[in-house]
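Each protein sequence line maps, in turn, to chains A and B. Just so we're aligned: the first sequence equals residues 1 to 301 in the numbering used here. Just so we're aligned: the second sequence equals residues 1001 to 1415 in the numbering used here.
Treat each hint with caution, since some may be false.
Computed footprint of chain A on chain B; a stretch qualifies when at least three of its residues, placed anywhere within it, have a C-beta under 8 Å from a C-beta of chain A [claimed, not checked]:
{"no.": "1", "stretch": "1093-1106"}
{"no.": "2", "stretch": "1115-1122"}
{"no.": "3", "stretch": "1286-1299"}
The set of hints was computed from the structure by calculation and includes no laboratory data. The structure presented is a predicted model; accordingly, all values stated were derived computationally and were not measured. All C-beta atoms, glycine included, are put in the ideal place defined by N, C-alpha and C.
Residues per chain are reported as follows:
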Amino acid sequence: MNTDTIKVGALESEAIYIFREVVAQFEKPVLLFSGGKDSITLVRLAQKAFYPAKIPFPLMHIDTGHNFPETIEFRDRLAKELGVELIVRNVQDNIDNGKVKEETGKYASRNMLQTETLLDAIEEFGFDACIGGARRDEEKARAKERIFSVRDDFGQWDERNQRPELFDILNGRIDLGQNVRVFPISNWTELDVWSYIQKEAIEIPSIYFAHKRKTFVRDGMIWSAEDDVVYREEDEVVEERMVRFRTVGDMSCTAAVLSDAVSIDKVVSEIRVSTISERGARIDDKRSEAAMEKRKQQGYF
Amino acid sequence: MNVLKIATAGSVDDGKSTLIGRILYDTKSLTDDKLEAIEEKSKQRGFDYLDFSLATDGLVAEREQGITIDVAHIYFSTPKTSFIIADTPGHIEYTRNMVTGASNSQASIVLIDARNGVVEQTYRHFFINTLLRVKDVVIAVNKMDLVDFSEEKFNEIKKEIEYLASKSAYKNQKLTFIPISALKGDNVVTGSDKMSWYKGETLLNHLETLEFDDVAEASQTRFPIQTVIRPKTEEYHDFRGYSGKIYGGDLSVGDTITVLPSGTKSKVKTIQFFDKEYSKVKRGSSITITLEDNINISRGDMLVKENEEPTVAKELNATICWMDKTPLQASSKYIIKHGVNEVQAKINTLTSIIKTDFSGKQENPSELVLNEIGEVTLKVSKPLFFDSYSKNKANGSFILIDPKTNNTAGVGFIQ
């Protein structure tokens, strides 16, 4: 045994505390896992919270069908390594059965369509708590959200009537049909997440690191030209660029950034001096000032 | 990764959002795309200056009405420190959201409009900071540019707050007065050449020098059990770990502990964090421990050190801040959530309503309505193990849940 004294970092300690509250207070929690850096961080924190036991809830991915192949490969491998159940529900199924209608055109995205599939899955499995990797620094509607965020039968967020959340006492009592979205890394910033990944040497999908990719530029943003789902006009010029992705959403609405950061240390230094916000590369947030708030009201996480 | 959590408070239009915007702007924490969005919107709305509240008021209803309804959390850092600012609403009807913000903060900024001086809302905000025992309170006298940077005006306000503080029961509070103009940037991040009479630090410099007081205070060791870890795998067949966050004090391998409520004693065998073992753990840490003896411990039990037992009782006196539309009445029943422990509670008596302007109490009221603060005695179905709030914030506070709606209806501070 080592003779060290441990003082767990405040953010890490807070997140682990939240995970343990979820497992104690809910019957059927699930961790929403996209294979992105935030949900990968959640998985590590969950591991720490319950070690040496396994993570006591499944992971679930609402797959839009437009995800980066690197992320999907990573997702499947991680779940297997951890010995945790991975549930995948596909937005494509709801498109095929006509429950949702796919957008078309230049800015088409499947992001909005995720909500329907998520709500179906919650009902199918009877999940009462969905743990997500949203952070308050990402977007201003998210900055308003509680750590335990109660949603009604329809998954709706009543932003004007949120439960007060005092000290670190978390009230997870809900009525039948209600659901709680839980955000253990609410108080982390993008830099905190990257620094944690660096410190813990956590593996992340390769698209987060700089690589050569065929790309084109639209609206001042760099889009992948290697993936069929990204809409491209005929006159938009494809060029090979050294890029990486700072956030990993749907391919159709996630732009890349020019970068030569090929290691986690370089990524952290790059983020430290960046003058563009993380969600600056998400076209779906730019639709209107209230894009995220609206999605949340409809049941998005 | 240590962070200082700060809450802001102030009356409507005292300029809280402007102040936060100013801090973000001057510390270059606003990214280009966010700044562009603010510039564009401000222009669209015909404002002469950048409306920084657009950076923090994240809800449609807030932007429509130009007010802050709920707490926004804003993140920024300087080379020295990482900060989280809880931007809380000023309107009286959103007092509960202000308490929410302040309860999670180690320091607080109370804004006062220099033109209006101390108003009713200032009393309330100052009172809540005192009730919550927020140690460092900055009184930021804002809009100094609109009173000709008058030293006299500033001193007037300072004197009035100091008088209020003299009536407060919490004597360890540290008050710092800073004259600022959030709009123009005086004394926020950079100093001011218009107020040479002010010799103190800028607001940001002051915040940077505050101590990183842990969420858990330097008190006796309190370790409430959140979950019991039983892996039931080949490798960890007999493993029985107790997980939780240590509030106050510390814990070392070999320490003799008492389990509450049973009173059983044992010794700490291991302290674990993920795949490593440690000999000692400090307060604020979420860890897992194992004990020498195989005893029956479950969620809600608390481990304490020998001879450091808290009060164990079924009746207690508390100050309550009420947060629900349905008023609190004597004889009402609630669920009390004290730490991770949940038990039934019944209000015995509603003793008084405390006036937040420090002018005294109203004895024997019939009910406590939304946003009022009062004193009660209450009875619980099973003994709680608690400290007074002044000794240990985590073990001295609780929430009351309305069993009909499951809403958090009030917050209590044990006397």
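Here is how each hint holds up against the structure:
1. Figure legend: the stretch 1093-1106 of chain B, annotated as covered by chain A; annotation consistent (6 residues with Cβ-Cβ distances under 8 Å, at least 3 required).
2. Coverage of a stretch by a chain is defined here by at least three residues with a beta carbon nearer than 8 Å to that chain's beta carbons; for the stretch 1115-1122 of chain B and chain A the count is 0, and the condition is violated.
3. Restraint check on the stretch 1286-1299 of chain B versus chain A: 4 residues with Cβ-Cβ distances below 8 Å, three needed, restraint holds.
Checked against the numbered hints given earlier, the structure breaks only hint 2 and satisfies all the rest.
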